[in-house]
Amino acid sequence: GEDVEQSLFLSVREGDSSVINCTYTDSSSTYLYWYKQEPGAGLQLLTYIFSNMDMKQDQRLTVLLNKKDKHLSLRIADTQTGDSAIYFCAGTGGTGRRALTFGSGTRLQVQP
Amino acid sequence: EAEVAQSPRYKITEKSQAVAFWCDPISGHATLYWYRQILGQGPELLVQFQDESVVDDSQLPKDRFSAERLKGVDSTLKIQPAELGDSAMYLCASSLAPGEAGTKETQYFGPGTRLLVL
Numbered sequence: 047g048e049d050v051e052q053s054l055f056l057s058v059r060e061g062d063s064s065v066i067n068c069t070y071t072d073s074s075s076t077y078l079y080w081y082k083q084e085p086g087a088g089l090q091l092l093t094y095i096f097s098n099m100d101m102k103q104d105q106r107l108t109v110l111l112n113k114k115d116k117h118l119s120l121r122i123a124d125t126q127t128g129d130s131a132i133y134f135c136a137g138t139g140g141t142g143r144r145a146l147t148f149g150s151g152t153r154l155q156v157q158p
Numbered sequence: 148e149a150e151v152a153q154s155p156r157y158k159i160t161e162k163s164q165a166v167a168f169w170c171d172p173i174s175g176h177a178t179l180y181w182y183r184q185i186l187g188q189g190p191e192l193l194v195q196f197q198d199e200s201v202v203d204d205s206q207l208p209k210d211r212f213s214a215e216r217l218k219g220v221d222s223t224l225k226i227q228p229a230e231l232g233d234s235a236m237y238l239c240a241s242s243l244a245p246g247e248a249g250t251k252e253t254q255y256f257g258p259g260t261r262l263l264v265l
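Here the protein sequences come in this chain order: U and H. Each step along the first sequence adds one to the number in the numbering used here, with nothing skipped, and position 82 is 128. Each step along the second sequence adds one to the number in the numbering used here, with nothing skipped, and position 78 is 225.
Just chain U, with the same shape it has in the complex (with noise of 0.2 Å):
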């Protein structure tokens, strides 16, 4: 089945911007989403991509998707402190499956 990856931490300062990573194990996910959770809260959807596009830009976020690498990131512009969260990638994989399988999610702490 599909395997998410993700980095588990990420610090930056405020104003800045913040690349958030993932790689992936199953290329035949239609989609591939991010997804935001703050502390004991549910999970917003931030963005999604899907997989014959290279490059999606939604105000501050940018997606990045390499399919050849398995590879997507999530770039936030003007990183602000209501950023910092638990951000998740997750694909559906698997042919038939729409569940999603998701990394382990990477912290991002915002300085100020």
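There could be a bad hint or two in this list.
[What the hints assert, rightly or not] Simulated restraints, written as ranges between beta carbons of each label pair:
#1 Leu91/U with Trp169/H: 15 to 23 Å
#2 Leu263/H with Asp100/U: 37 to 45 Å
#3 Pro208/H with Asp100/U: 39 to 47 Å
#4 Arg211/H with Asp124/U: 45 to 53 Å
#5 Leu263/H with Phe96/U: 37 to 45 Å
#6 Gln105/U with Asp198/H: 29 to 37 Å
#7 Ser174/H with Asp104/U: 21 to 29 Å
No lab work stands behind these hints, which were simulated from the structure alone. Fair warning: this is a prediction, and the values are worked out from it, not measured in the lab. Idealized CB from N, CA, C, for every residue including glycine.
Following the hints, put chain H in place on chain U, whose structure we already have.
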């Protein structure tokens, strides 16, 4: 904006007791998922419903867990008896439709139920 509702938000129980969680998906969403998230990890699927039918429960510990979606709308997840290792966040998600290439499969999550088993 429509949201997935879950209750209770928090539940403390003793081991060997029964617990139940409720989920009401976004109106019109045919597919409903229950995920379990252990502290420090990403969510993992427990069960997936398409309308009232279970389409994937391969990761559901069926000796103690059960799930139903009788009328194809809201759903209940039950654990009986609860064990210490069941302490986790239980997340419900819904999507318009599965198996279709398109944003109809995008999953929206509820706030979760945090379970603590003592």
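Going through the hints against the structure:
Taken as a hint, the range 15 to 23 Å holds for the pair Leu91/U and Trp169/H, whose Cβ atoms sit roughly 22 Å apart. As the Cβ distance of Leu263/H to Asp100/U is approximately 44 Å, the hint placing it in 37 to 45 Å holds. A hinted range of 39 to 47 Å for the beta carbons of Pro208/H and Asp100/U is consistent with their spacing of about 41 Å. Under the hint 45 to 53 Å, the C-beta atoms of Arg211/H and Asp124/U, about 47 Å apart, fit the expected range.
In this structure the hint that Leu263/H and Phe96/U lie 37 to 45 Å apart at CB holds, the actual value being about 39 Å. Taking the beta carbon of each, Gln105/U and Asp198/H are about 35 Å apart, inside 29 to 37 Å as hinted. Taken as a hint, the range 21 to 29 Å holds for the pair Ser174/H and Asp104/U, whose Cβ atoms sit roughly 25 Å apart.
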